[in-house]
Structure formats: C-alpha cells, structure tokens
Amino acid sequence: MSGVDPAERDEEESGSRRSRGRVIVLTMVPVIAFAILLASGLGRDPRELPSELISDRAPAFALPELGGQGDISGPTEGQVFVVNFWASWCLECHAEHDALVAAWERYRERGVVFVGVVFEDGEGTALQYASEKEGDWPLVMDPGSRTAIAYGVFGVPETFVIAPDGTIAAKTIGEVTYSWLTEEIDRALRTEVSA
Amino acid sequence: MRRTWLLVAGAAVVIVAAALLARGGGESATIEDRAQAISAGLRCPVCQNLSVADSPSRLAGEMRAEVEGQLRAGRTDDEVRAFFVARYGEWVLLEPRSLLPFVIPVAAVALGVGAWMLFVRRRPRAERTEVSDAERRRIDVDLRSLEEGA
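Just so you know, the sequences run in chain order A and B.
With the first letter of the first sequence counted as 1, position 89 gets the number 89 in this note's numbering; the numbers rise by one all the way through.
Count along the second sequence starting at 1, add 195, and that's the number in this note's numbering.
Since the hints were made in silico from the structure, they are not lab data.
Virtual Cβ for every residue (Gly too), placed ideally from N, Cα, C.
Each statement offered as a hint is correct.
Partial list, derived from the structure: chain B residues whose beta carbon lies under 10 angstroms from chain A:
#, residue
1, Pro-240
2, Glu-257
3, Gly-264
4, Gly-284
5, Gly-307
6, Ala-310
7, Trp-311
From the derived model, a few chain A residues whose C-beta atoms are all more than 12 angstroms from chain B:
#, residue
8, Glu-92
9, Ala-99
10, Glu-105
11, Lys-133
12, Asp-136
13, Thr-177
14, Thr-191
Model the full structure from these sequences, guided by the hints.
Laid out in structure tokens, this is it:
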C-alpha cells in the first residue's frame, strides 16, 4: 500500500467527486427550471387573459333597451363609452354596482356614456334587479349574446372602456373598482383632448 | 432490405393521404358538418376544458349558432375561426395553430440527450484511454495486496 501517494489519491477522488457534482448540477438545473416554469402557472386563472381587442375598433351594437323602449346603439365617435356586461344572478355584479354608480355620477356631465349589457339573463329578472338598484344609465338585452361574443366576453362581470376614437382602451374581468374606472375613463378623456 | 423500404414508404404515403383527407374534407361537407367541426375545435369560454360543440352552456349554444350563421353568410372555415381568435385569442383554439408547443418538447429532449452524450457519456472513455503513471502504480499495489490477501 505504500506505493501510492496519498495526495494523488485525494486529488483523484476529489476530481471524480467534482465530475459527479457537475453531472448532478447539469441534470438538476433543467429539471428545477422546468418545475418552476410549471409551478408558476398553477396560481393563474386561465380566463384572465389580456383582451385581444385592446386598441382594436370596438364592435358596434344596436340593442333593445331593457323594458322595450327602442334600441340603444354605440359606440359613438367622440364620446367615451363604458360598456359593462352583467347579470342579476352574478354576485360580483351586485358587489361592483356601487362603484359603477359613483363613476357614472362623476362622469355623466362630461359626456361619458355608460351602457349595461345583460348577459345570459331573463328580461324579467334583469328588470327586477334594475328596479332595486341605483343608477339610470341605459341597460340593454343582448339576444343570442351576439354582442358579448363580439366583445370576447368570458363571463360576467366584464367592463370595457372605449376611447373617443372608437377603439377599446381598457378591459377588466371580474368586479370593477371605482379607482380602475376613474383611471381608465380619465385616460380615455385625455386622448380626446390631445386628439 | 429493399422490400422493407418499400413497405415503409407505402405506409408513409397512406398516413399522409389519410391526414390530408381528414383536413381537407371540410370544404365539401354540409354547413352543419362544418359548423360541428369548427365548434369541436373551439374552447367554451365559460366552462373548463369543454369544446363549444360539447358544452351544454347557453353561451356555447350561442357560439354554435354564430358559427353556423357565419358559414351560411359565406365565410370560410378559417375566417370563422379567425373571428373567434380575434376576440378570445389563440386560447379559444383547442389545437394551437403554431407548431411550437409540439416542437419545443422534442427539441428539449434532443438537447438533453445531446448534452448527456457530450458531458456524461464521453468523459469515462476519455479517462480510460489515458492511465497515468500514478494510477498504474496504484493498480499494481492494489493487485499485489489483493493477491497477498488471497
């Protein structure tokens, strides 16, 4: 046993340990990176996708007013439109209603038009809901959900802000907040001033 | 050997022809068949992992009507799909149009195998060809001690 230098033996062993370590690192780094990539998707809601329609021309609509007094059409060039898709059975729509009322009261005098589009709901239940709530912006039925499909609606509530040039400036899925509405409406109004 | 190649080539021709027939058959089918095929490839927005053709939801029913209405108005299958993609994004297609989701895993496996061959498999061979004097001495000593022990 005396023929082998212990220093050489140590060097060889540490060399093979280093090589094994490199293999482990080379194997584990891609595995861990892939696991992180997969894990990052777990907490995401598959419906919360950015709207494809942002900056595109907003689909035009002419829909029967809830209660049957004629058609409401939009959007109109030169005006900011807030299009809110809602239903009486939707709890988040109940929750967001006060924010819509507050925004509507703040901007109605400035020419901002609010339209509530009924989504997958009966006219009777929608009318009942409207009679119990504040705010008298126009509410419309959407036969065949053609307008909802044209706007790429996933469910309710969804709210779109349409700029004066007729393009979709912003969209939010779920309960809309007063701060989101004021921020997006103000931005849309500024484009009107600068245009 | 030649017969094997002929068999492989024949099988490939049959598979490609079947795939082309399956893809191109839509244009000569009825509007209902085309609407059904398009709806089967669209994801229902209000359900989890159901196609517009399979979903019992009201919105899916209205989307099926929209598909059929557009086909009756003279739009092509691709134009109808593009209408939904423009509104819901590529998300709405159950089969992505891009080949990337299929190519990336294959490329990743190829890269992994390549890296393994380069870094792992090659290494011991290279070491085996060059035995240093120190290693030779150690082998001799170890063999001798083994013989003595036996």
